[in-house]
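Since chain Z is already given, all that's left is putting chain G on it; use the hints.
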Amino acid sequence: KAGVTQTPRYLIKTRGQQVTLSCSPISGHRSVSWYQQTPGQGLQFLFEYFSETQRNKGNFPGRFSGRQFSNSRSEMNVSTLELGDSALYLCASSRGADEQFFGPGTRLTVL
Amino acid sequence: AQRVTQPEKLLSVFKGAPVELKCNYSYSGSPELFWYVQYSRQRLQLLLRHISRESIKGFTADLNKGETSFHLKKPFAQEEDSAMYYCALRTNTGNQFYFGTGTSLTVIP
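Protein sequences appear in the order of chains Z and G.
First residue of the first sequence? That's 1 in the numbering used here, and the numbers climb one at a time after it.
First residue of the second sequence? That's 1 in the numbering used here, and the numbers climb one at a time after it.
Chain Z on its own, in the form it takes in the complex:
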């Protein structure tokens, strides 16, 4: 079956702009989690959505938000971009509280 897909794969924005990233989970998976990956901090949990509800949230400012649609696809939005938001954003899906399957990531560069 198809794996987790993320679009776009690469994105370049300037400070102050906003960005929306998309994640399509594996069919049948209702949980979608988002992570920010940077060389210095590793993977940091942003939030998790399950059946269109945010179930868990990491320690990120309110500029980072997300949502999940009825088909389990998820989007995350970052407003008022800062240079420090440059990172690889990973999405992972799972049926529930079991193995997470990761997407390839979206590489965001903020200039």
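These are calculated hints, taken from the structure and not from any lab test.
We put the CB at the ideal spot given by N, CA and C, even for glycine.
Mixed in with the good hints, there may be bad ones.
Unchecked claim - Pair by pair, the computed Cβ-Cβ distance ranges are:
#, chain 1, residue 1, chain 2, residue 2, range
1, Z, Thr7, G, Gly94, 42 to 52 Å
2, G, Lys73, Z, Glu52, 33 to 43 Å
3, Z, Arg63, G, Ala1, 14 to 24 Å
4, G, Glu67, Z, Asn77, 33 to 43 Å
5, Z, Gly62, G, Arg3, 22 to 32 Å
6, Z, Ser79, G, Glu8, 33 to 43 Å
7, G, Arg3, Z, Leu83, 23 to 33 Å
8, G, Ser52, Z, Gln17, 21 to 31 Å
9, G, Gln78, Z, Phe60, 35 to 45 Å
Stated by the list, open to error - Every beta carbon over 12 Å from chain Z, so not counted as near; a handful from chain G, in silico:
#, residue
10, Ala1
11, Leu11
12, Ser12
13, Lys15
14, Ala17
15, Glu20
16, Lys22
17, Lys57
18, Gly58
19, Asp62
20, Pro75
21, Glu80
22, Ser82
23, Tyr86
Just chain G now, kept in the frame of chain Z:
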């Protein structure tokens, strides 16, 4: 607060030598621990989880609650084991994971 620590950013071993990747955690509840691996140009994928108590690709990891550790071990390293390894903790409040900063393992032929 929950925290996962992987003290080694880089680790190099010779082929056939034993390898141990260290992972320590802090969590007040009952944790679930995982090891994830990322091979070159591939996605992050699950290697093993402590509740399974199984060996994957020759790797094992034992949860030591007394030492709050979950070290990954393999008796004889292979070149194909070269990858980035992440230790992760899942809390008992849902699907919230805390990852370590990763250890890059290089197996020298």
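Checked hints:
no.: 1; hint: Thr7/Z <-> Gly94/G: 42 to 52 Å; result: violated, 26 Å
no.: 2; hint: Lys73/G <-> Glu52/Z: 33 to 43 Å; result: holds, 41 Å
no.: 3; hint: Arg63/Z <-> Ala1/G: 14 to 24 Å; result: holds, 22 Å
no.: 4; hint: Glu67/G <-> Asn77/Z: 33 to 43 Å; result: holds, 41 Å
no.: 5; hint: Gly62/Z <-> Arg3/G: 22 to 32 Å; result: holds, 24 Å
no.: 6; hint: Ser79/Z <-> Glu8/G: 33 to 43 Å; result: holds, 37 Å
no.: 7; hint: Arg3/G <-> Leu83/Z: 23 to 33 Å; result: holds, 26 Å
no.: 8; hint: Ser52/G <-> Gln17/Z: 21 to 31 Å; result: violated, 44 Å
no.: 9; hint: Gln78/G <-> Phe60/Z: 35 to 45 Å; result: holds, 38 Å
no.: 10; hint: Ala1; result: violated, 9 Å
no.: 11; hint: Leu11; result: holds, 16 Å
no.: 12; hint: Ser12; result: holds, 19 Å
no.: 13; hint: Lys15; result: holds, 27 Å
no.: 14; hint: Ala17; result: holds, 26 Å
no.: 15; hint: Glu20; result: holds, 20 Å
no.: 16; hint: Lys22; result: holds, 15 Å
no.: 17; hint: Lys57; result: holds, 16 Å
no.: 18; hint: Gly58; result: holds, 20 Å
no.: 19; hint: Asp62; result: holds, 20 Å
no.: 20; hint: Pro75; result: holds, 25 Å
no.: 21; hint: Glu80; result: holds, 20 Å
no.: 22; hint: Ser82; result: holds, 18 Å
no.: 23; hint: Tyr86; result: violated, 7 Å
Of the numbered hints given earlier, the model fails hints 1, 8, 10 and 23; all others are met.
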